[in-house]
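**Q** Chain residues, written in single-letter form:
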Amino acid sequence: ETGVTQSPTHLIKTRGQQVTLRCSSQSGHNTVSWYQQALGQGPQFIFQYYREEENGRGNFPPRFSGLQFPNYSSELNVNALELDDSALYLCASSQDLRGALEYGYTFGSGTRLTVV
Amino acid sequence: ELKVEQNPLFLSMQEGKNYTIYCNYSTTSDRLYWYRQDPGKSLESLFVLLSNGAVKQEGRLMASLDTKARLSTLHITAAVHDLSATYFCAVDDRSSNTGKLIFGQGTTLQVKP
Numbered sequence: 139e140t141g142v143t144q145s146p147t148h149l150i151k152t153r154g155q156q157v158t159l160r161c162s163s164q165s166g167h168n169t170v171s172w173y174q175q176a177l178g179q180g181p182q183f184i185f186q187y188y189r190e191e192e193n194g195r196g197n198f199p200p201r202f203s204g205l206q207f208p209n210y211s212s213e214l215n216v217n218a219l220e221l222d223d224s225a226l227y228l229c230a231s232s233q234d235l236r237g238a239l240e241y242g243y244t245f246g247s248g249t250r251l252t253v254v
Numbered sequence: 099e100l101k102v103e104q105n106p107l108f109l110s111m112q113e114g115k116n117y118t119i120y121c122n123y124s125t126t127s128d129r130l131y132w133y134r135q136d137p138g139k140s141l142e143s144l145f146v147l148l149s150n151g152a153v154k155q156e157g158r159l160m161a162s163l164d165t166k167a168r169l170s171t172l173h174i175t176a177a178v179h180d181l182s183a184t185y186f187c188a189v190d191d192r193s194s195n196t197g198k199l200i201f202g203q204g205t206t207l208q209v210k211p
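Chains as they are written, first to last, in this note's numbering: chain G, 139 to 254; chain A, 99 to 211.
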């Protein structure tokens, strides 16, 4: 297993800009979820992708979008950045739609996005 | 809507002492997870609890689940400084059919020498 890797680790953007965050899931994990963690808060579910299709979405506006690719990598795109988008963005992969029964979800190291 | 609440939110304790973190959730769920997060880092999986009465232990940490009471506990035995971190419980939102996790606010544990 190679784990879940995210890039970049840190990013500073200006309000109104667009950003793409990347995640490389563990081999064999066909499900990836993205979470936003504001400072001092628990992570909040943005959306999930399963076999390259969006499979559920949290309370986030359409300017948050994603892609999943056949090679287990995925992207989170955010358009028209707002100051409140500043957060740690985490991707989590799992072996199936509802998580690996025994091991749960594997989280990546995260991307810290700062919007100024 | 599923809600998850942890208490306490902050816990300062002496090395060698025991304490328990509580996680309550509002609707039926079949999986509960505990994660650890060090400052500026990602989430490390600690325990996956899958059924009523499940108990798991790893080192000085023990987690249990009571699905009837919708309560999970994370018990810390003889705390050491290395356990200082923020601990999150998360519940699988069955209504979403996506494996969506709902997280608690987190409990920040500070273990003093």
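No lab work stands behind these hints: they were computed from the structure. The C-beta atom is built at its ideal place from N, Cα and C for all residues, glycine as well. Careful, some of the hints might be misleading.
Only pairs whose alpha carbons sit at most 25 Å apart, straight line, appear in this in silico SDA-like list of lysine to any residue [as the list claims (entries may be wrong)]:
#, chain 1, residue 1, chain 2, residue 2
1, A, Lys139, G, Ser162
2, A, Lys139, G, Gly196
3, G, Lys151, G, Asn168
Partial selection, computed: residues in chain G whose CB lies under 8 Å from chain A [said to hold, decoys possible]:
#, residue
4, Thr169
5, Gly180
6, Ser224
7, Ala225
8, Leu228
**Q** Let me know if the C-beta of Thr169 (chain G) comes in closer than 8 Å to any C-beta of chain A, holds or violated.
**A** With a closest approach of 7 Å, the Thr169 (chain G) hint holds.
**Q** Keeping to a limit of 25 Å between CA atoms, is the pair of Lys139 (chain A) and Ser162 (chain G) held or broken?
**A** holds, 17 Å
**Q** Under 8 Å, Cβ to Cβ, is where Ala225 (chain G) needs to be relative to chain A, so tell me if that hint holds or is violated.
**A** violated, 13 Å
**Q** Mind checking the alpha carbons of Lys151 (chain G) and Asn168 (chain G) for me, to see if they're no more than 25 Å apart?
**A** Given that 25 Å is the threshold and the Cα spacing comes to 30 Å, the pair is violated.
**Q** Should the interface hint for Leu228 (chain G) be scored as holding, given a Cβ-Cβ cut-off of 8 Å against chain A?
**A** With a minimum Cβ separation of about 6 Å from chain A (threshold 8 Å), the hint on Leu228 (chain G) holds.
**Q** Does Gly196 (chain G) sit within 25 Å of Lys139 (chain A), going by the straight-line distance between their CA atoms?
**A** holds, 23 Å
**Q** Can you verify the interface hint for Ser224 (chain G): is its Cβ closer than 8 Å to any Cβ in chain A?
**A** Violated, because the Cβ-Cβ distance from Ser224 (chain G) to chain A comes to roughly 14 Å (cut-off 8 Å).
**Q** Would the hint on Gly180 (chain G) be counted as holding, given a Cβ-Cβ threshold of 8 Å to chain A?
**A** This hint holds: Gly180 (chain G) lies near chain A, its Cβ roughly 3 Å from the closest one there, short of 8 Å.
Violated hints, listed in ascending order, are 3, 6, 7; each of the other numbered hints is respected by the structure.
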